[in-house]
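Turn these sequences into a full structure, and let the hints guide you.
The listed protein sequences correspond, in order, to chains X and E.
Taking the working numbering, the leading residue of the first sequence gets 3, the next gets one more, and so forth.
Taking the working numbering, the leading residue of the second sequence gets 6, the next gets one more, and so forth.
No wet-lab data here; the hints were simulated from the structure.
Please note: incorrect hints may appear among the correct ones.
[As the list claims (entries may be wrong)] One side only, chain X facing chain E, incomplete, derived with CB under 8 Å:
#, residue
1, A9
2, I93
3, A108
[As the list claims (entries may be wrong)] Using C-beta positions, here's what the derived DEER-type ranges look like:
#, chain 1, residue 1, chain 2, residue 2, range
4, E, A126, X, E81, 28 to 38 Å
5, X, E81, E, P210, 54 to 64 Å
6, X, G45, E, P81, 47 to 57 Å
7, X, V221, E, I220, 33 to 43 Å
8, E, A146, X, D164, 17 to 27 Å
9, E, D25, X, E81, 22 to 32 Å
10, E, E125, X, L212, 31 to 41 Å
11, E, P81, X, R199, 46 to 56 Å
12, X, A30, E, G194, 46 to 56 Å
13, X, L33, E, A146, 15 to 25 Å
14, E, D82, X, A220, 47 to 57 Å
15, E, D213, X, L174, 30 to 40 Å
16, X, L212, E, W85, 19 to 29 Å
17, E, W85, X, P173, 29 to 39 Å
[To be verified] Stretches of chain X that chain E covers, calculated by requiring three or more beta carbons in the stretch to come under 8 Å of a beta carbon on chain E:
#, region
18, 19 to 32
19, 77 to 84
Everything numeric in this text was worked out from a predicted model, so none of it was measured.
Note that CB positions come from ideal geometry on N, CA and C, so glycine has one too.
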Amino acid sequence: MTPSRTAFAAILAKDLRTELRTLQSLPAMALFAVTTFVIFRFGLDRTSLSGSLAAGVLWATLLFAAVLGINRLFVAEREEGGFDAIRLAPIDRSALFAAKATALLAYLLALELVTVPIFAFFFLDSAAGLLPLLAILLLADIGLAATGTLISSMAVNSRARDLLVPLVLLPLVVPLMIAATGATDPVLAAGGPAYDRFGTWLMVLGLYDLIFALVGYAVFDFLLED
Amino acid sequence: MDEKQPAAEPAIRLAGLRRDYGERTALDGVGLTLAAGQSLVVLGPNGAGKTTLLRILATLLRPSAGEAVVLGCALPDEAWKLRGRIGYLGHEPLLYRDLSGRENLRFHAKLHGIERGRAEARIAALLAASGMERRADERVAELSAGMRQRLAICRCVLHEPELLLLDEPDSNLDAGGRELAQELIGPGGGRSRVVVTHDPERHLPEADQVLRLGIGEAAAVS
Numbered sequence: 003m004t005p006s007r008t009a010f011a012a013i014l015a016k017d018l019r020t021e022l023r024t025l026q027s028l029p030a031m032a033l034f035a036v037t038t039f040v041i042f043r044f045g046l047d048r049t050s051l052s053g054s055l056a057a058g059v060l061w062a063t064l065l066f067a068a069v070l071g072i073n074r075l076f077v078a079e080r081e082e083g084g085f086d087a088i089r090l091a092p093i094d095r096s097a098l099f100a101a102k103a104t105a106l107l108a109y110l111l112a113l114e115l116v117t118v119p120i121f122a123f124f125f126l127d128s129a130a131g132l133l134p135l136l137a138i139l140l141l142a143d144i145g146l147a148a149t150g151t152l153i154s155s156m157a158v159n160s161r162a163r164d165l166l167v168p169l170v171l172l173p174l175v176v177p178l179m180i181a182a183t184g185a186t187d188p189v190l191a192a193g194g195p196a197y198d199r200f201g202t203w204l205m206v207l208g209l210y211d212l213i214f215a216l217v218g219y220a221v222f223d224f225l226l227e228d
Numbered sequence: 006m007d008e009k010q011p012a013a014e015p016a017i018r019l020a021g022l023r024r025d026y027g028e029r030t031a032l033d034g035v036g037l038t039l040a041a042g043q044s045l046v047v048l049g050p051n052g053a054g055k056t057t058l059l060r061i062l063a064t065l066l067r068p069s070a071g072e073a074v075v076l077g078c079a080l081p082d083e084a085w086k087l088r089g090r091i092g093y094l095g096h097e098p099l100l101y102r103d104l105s106g107r108e109n110l111r112f113h114a115k116l117h118g119i120e121r122g123r124a125e126a127r128i129a130a131l132l133a134a135s136g137m138e139r140r141a142d143e144r145v146a147e148l149s150a151g152m153r154q155r156l157a158i159c160r161c162v163l164h165e166p167e168l169l170l171l172d173e174p175d176s177n178l179d180a181g182g183r184e185l186a187q188e189l190i191g192p193g194g195g196r197s198r199v200v201v202t203h204d205p206e207r208h209l210p211e212a213d214q215v216l217r218l219g220i221g222e223a224a225a226v227s
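Rendered as structure tokens:
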């Protein structure tokens, strides 16, 4: 058997190299997010947001931008025979799950690197809440990456992939989004960040991440079977 | 004392092999034994189940019924032991279009746990043997179908498999390509081979056994 970390590194490097070369996912995700912020800015007719409204605008936008990347996560594996190549290799298939989830996490972090400063520029009076927001973004991204990878691998063989991913994914990430917005609300409060129940929400996010990472690791092998 | 040596494990042993896709039976009643190092040529019209048979042997499909033992591993339960010992050349080249040929081969070498130095030497040798040295750093998407097939052959033998499963290996290859391919995936070298083909004139001379599959007919081995 090839060591799992070798397979993980090979698949992750292949995915990141392909994305850097083709830019198939990230620009679309970023463009979607920025356009949505512009629409919110003019739709709400407000130059400043705080609390739950700011949290809602931020997470709704990031979630739907993430769906674009999740939809495409396994397309190369499906269309270019990557699934067969990986099933023929002497590797633990969970390495594919871990590599894909890590690639998606990297896309989400890159997306946020571009879009969160734009969000702050459009809507926030102060940048004080951005530092604690980083912890929320990281934990929510891990959950989105684990769940998104799992759902994407199931949906990729369907012709209705673009419909199936949001239909199955969105209900599954409702707890994640409740925790993410719950943690973000006080952090982006008017008058500076507060930390009411901040730790509790972070723990909920961490628990969600753990559960879906373990579920993905446990079932992924069966998802690749004929 | 005259001790009997145990008979060598056959490369493939099939008995009553069947595969259904829902209500449709794609393959039924296939039975044969292929000794190690021998070549089996599979013939039959489109839809007779040739590719299905190859995919079962490659552990990519589960049999619906019957027995399949490949390189001593019973399928599907011991499929995990078999991976890495098979070289599979299917209809798809299993190459990523946005990577170059060399990058694809490096990727597959890593998946098969080939140490880096040995992988580089092996890749260089295969690219030379397949006539792909000059185009190896171009993206696969920019190559012709014949060149992709040459790279797919390199991928198929990269990890020096014990059993080759070849589905129409000559497709898209010109005469020169077929000759080069013969050196890489032809008979010999102690490898066992299963070759699915629509070109019996070319492949029958190298067959130790022939399996004829028909639609709605019993499979015949000769």
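Hint check results:
| no. | hint | verdict |
| --- | --- | --- |
| 1 | A9 | holds (6 Å) |
| 2 | I93 | holds (6 Å) |
| 3 | A108 | violated (17 Å) |
| 4 | E:A126 / X:E81: 28 to 38 Å | holds (31 Å) |
| 5 | X:E81 / E:P210: 54 to 64 Å | violated (37 Å) |
| 6 | X:G45 / E:P81: 47 to 57 Å | holds (55 Å) |
| 7 | X:V221 / E:I220: 33 to 43 Å | holds (37 Å) |
| 8 | E:A146 / X:D164: 17 to 27 Å | holds (23 Å) |
| 9 | E:D25 / X:E81: 22 to 32 Å | holds (26 Å) |
| 10 | E:E125 / X:L212: 31 to 41 Å | holds (40 Å) |
| 11 | E:P81 / X:R199: 46 to 56 Å | holds (50 Å) |
| 12 | X:A30 / E:G194: 46 to 56 Å | holds (48 Å) |
| 13 | X:L33 / E:A146: 15 to 25 Å | holds (24 Å) |
| 14 | E:D82 / X:A220: 47 to 57 Å | violated (20 Å) |
| 15 | E:D213 / X:L174: 30 to 40 Å | violated (53 Å) |
| 16 | X:L212 / E:W85: 19 to 29 Å | holds (27 Å) |
| 17 | E:W85 / X:P173: 29 to 39 Å | holds (34 Å) |
| 18 | 19 to 32 | holds (count 4) |
| 19 | 77 to 84 | holds (count 4) |
The structure shown violates the earlier hints numbered 3, 5, 14, 15.
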